[in-house]
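When you get a sec, could you build the whole thing from the sequences and use the hints?
Quick note, the sequences are listed as chains A and B, same order. Take the first sequence: its position 189, counted from the start at 1, is 200 in this note's numbering, and no numbers get skipped. Take the second sequence: its position 385, counted from the start at 1, is 396 in this note's numbering, and no numbers get skipped.
These aren't lab readings, by the way, just hints derived from the structure by calculation. Note that the Cβ used here is the ideal one computed from N, Cα and C, for glycine as well. Treat the hints with caution; some may be incorrect.
To be verified - Covered stretches of chain B (chain A as the covering partner; in silico rule of three or more C-beta atoms under 8 Å from a C-beta of chain A): (1) 157-168; (2) 187-196; (3) 218-225; (4) 229-242; (5) 324-334.
Unchecked claim - Per the computed footprint, the stretches of chain A lying under chain B, defined by three or more beta-carbons under 8 Å from a beta-carbon of chain B, are: (6) 185-196; (7) 213-226.
Single-letter residue listing:
Protein chains: 2
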Amino acid sequence: MNYKKLDKSTVLDYISDVKSVMNYFGQDELQADEIGDGNLNYVYKITSLQDPKKALILKQAVPYLRCVGEEFPLGRERMNYEIRALQKFYAIFPSFVPKVHHANEDMSLVIMEYLDSHIIMRKGLLNKVEYKNFSEQMSTFMAATLFYTSSLHLSSSDKRALIDRFNSNVELCKLSEDLVFSFAFMEHETNINTKDDECAKKLFLDVEFKEKILELKYKFMTQNDALLHGDLHTGSIMINDSETCVIDPEFAFVGPFGFDIGVLLANLVSSYVYHSVVTKDDAYKEWLLLSIKEFLSKFQAKFLNFWSESASSALLVDGYLDNATIELYKVKFIKEIFRDSVGFAACELSRRVYGVAGVEEIRGIEDVNLRAEAEGIVLKIAREFLMSYKNIQNCDEILEIVKDAR
Amino acid sequence: MNYKKLDKSTVLDYISDVKSVMNYFGQDELQADEIGDGNLNYVYKITSLQDPKKALILKQAVPYLRCVGEEFPLGRERMNYEIRALQKFYAIFPSFVPKVHHANEDMSLVIMEYLDSHIIMRKGLLNKVEYKNFSEQMSTFMAATLFYTSSLHLSSSDKRALIDRFNSNVELCKLSEDLVFSFAFMEHETNINTKDDECAKKLFLDVEFKEKILELKYKFMTQNDALLHGDLHTGSIMINDSETCVIDPEFAFVGPFGFDIGVLLANLVSSYVYHSVVTKDDAYKEWLLLSIKEFLSKFQAKFLNFWSESASSALLVDGYLDNATIELYKVKFIKEIFRDSVGFAACELSRRVYGVAGVEEIRGIEDVNLRAEAEGIVLKIAREFLMSYKNIQNCDEILEIVKDAR
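Shown next, in the form of structure tokens:
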């Protein structure tokens, strides 16, 4: 099938030929509405007129950055990786990603479950919503997807086949290399205006800091531990009281274990900083700290648990080591993942301050002085994370750094 | 073209259709002779009857391990990676690999330069030949091929394209994972008989040692720094007084910087151990140590030199860091490569003692007592390398370990 960009009128024609979707809706009449902020893609909600609760999402990539226009080309192949990652995550643990009803790589298009009762987690955190199941659910999602796509579980050939499926996600990996690890730490046209900003100047001259960012960039580029979401901030999580759902994995690739965990950790921390500076709600801040701690410690426990349930793998041949030594090895291994996560969290926290893609809870603070205060705290936490990540021992040390920064 | 195994009579038919080869030989009459020990592949020498100095090598893979037979299947796709690596290495630095005159992946076949005046380096070392150009030439080959296939030079997309070309060399990567990093350190049917060997028992119970082997195995499996030869022992080097030529890169894949260097270092050390125990030729031992030192230090200097000549890369965006900090970063970086090389050398040294693939200079020692002595020294050096590689500072420390072991 040749690629054709759909619009509101042709969307329904397209799905009339898709059996799985027609089966879902039965004989109902359908309506298509364009929804979403659509930075990159076109998103339509397909709804049954007879039963408005029956609805699906159709998402199609265009070969450019939608919010800028055709003069900013961006390969629509990114949708291939989103589709493949959604399907892979669903196969590992169906509860935490939207179900894919139909996917078509030629058309750069996916039709999936509509999450009607969920909101973007970043918004919920801004509004001080306490998500009781978040740490339990996200720790399961991340432990499962990271463990079961790694060489700790897969055979050597299955791991290489997985790499094959994601290795060519070149453009979006390059975007991360540039935006997460480079441009936000130097004078660059993509940054927000930093010309007269003394803090920006100080950061751009902090060579000790930047050398460590470079170490982590190299790890991001060359360490193929497991399948990552690749952009797992709180805007990529749809959530409600009972469910947590990960969306938009178009940056997916096989990369270092610590990256997704670090990105999520960073975004939880930036929410904490927002509440420190703006709402000053101590109870909510406590809940955020507790959630960070629970998320990180449950992740580690579950990852180790999946490992203990798993048979021999590419890495650990049956009979190679006695069980006691294997257990010690695993504990060391998970500690290294944890440390790298703290390093990557530092990258994510700090790149959001001057880089092109800010986060609402910091860049969105309207009062200039409060925003500057929040940025200062974020950078202070990032620096402490980065300077100490290789030796950090446990979650409490992280919480201390976060609480003490002001 | 469909795959067909050639034999002595059909080889000449095949090349009569290959223009580049026919151009090389002109109107000469040709003769085909099967040569080589042929563990894995069939190798023919094609010679001009009019001018016997005009000759090429034709090498064809069969879909099984030739020395065992069809009951041991091994995908003939391994030849694809050999062809691709030879061509890539040649493109980077033509002096150090045989020139490919014709390659055909469908036929799992390559026709290349015949090296008439070279011998296998391992044999030369056994016979105490001092190769004056070895360290100079091999350090150039390895610095160039490793640097120019890494993210320190390539763009992000070129690096991923390179990974694409080698990622599916599954079977041979798996062989290395098993044979270099696992089976040789445990009771396993592929090992030489270790039942009553006290030293083997001791090694197999040395959990401290084996945990470190596991760390390096994980690095081998997941760290994609640069294109490796993958099996660069002294039997993969053809050499004479003036030239050094690397052959047989069928294990090629994108892996950790230190692996090839470590394998070569290990094989030079095992030659040193042979001469310590068997010939006791102090002058030759000195030459070996000097060669090791020169090879390692020249490699580091040349790698840094290529780096300083290279423009910005996937890793180092122009303007990100000041030059002084970049220089410090590079020095740290090359030290990590050096340290990993020592770690991988330990794996290679020790896996050759009880593993299925021994090296002639150790396993070939006929006197049982001398062989046991040599094996003991090899294992001692390997253990010291492995226990100290993360902190080793310079080449002299390595030479001290090698000299002091007895």
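Each hint, compared with the structure:
no., hint, result
1, 157-168, "holds (count 3)"
2, 187-196, "holds (count 5)"
3, 218-225, "holds (count 4)"
4, 229-242, "holds (count 6)"
5, 324-334, "holds (count 8)"
6, 185-196, "holds (count 6)"
7, 213-226, "holds (count 4)"
Violated hints: none; the structure is consistent with every hint.
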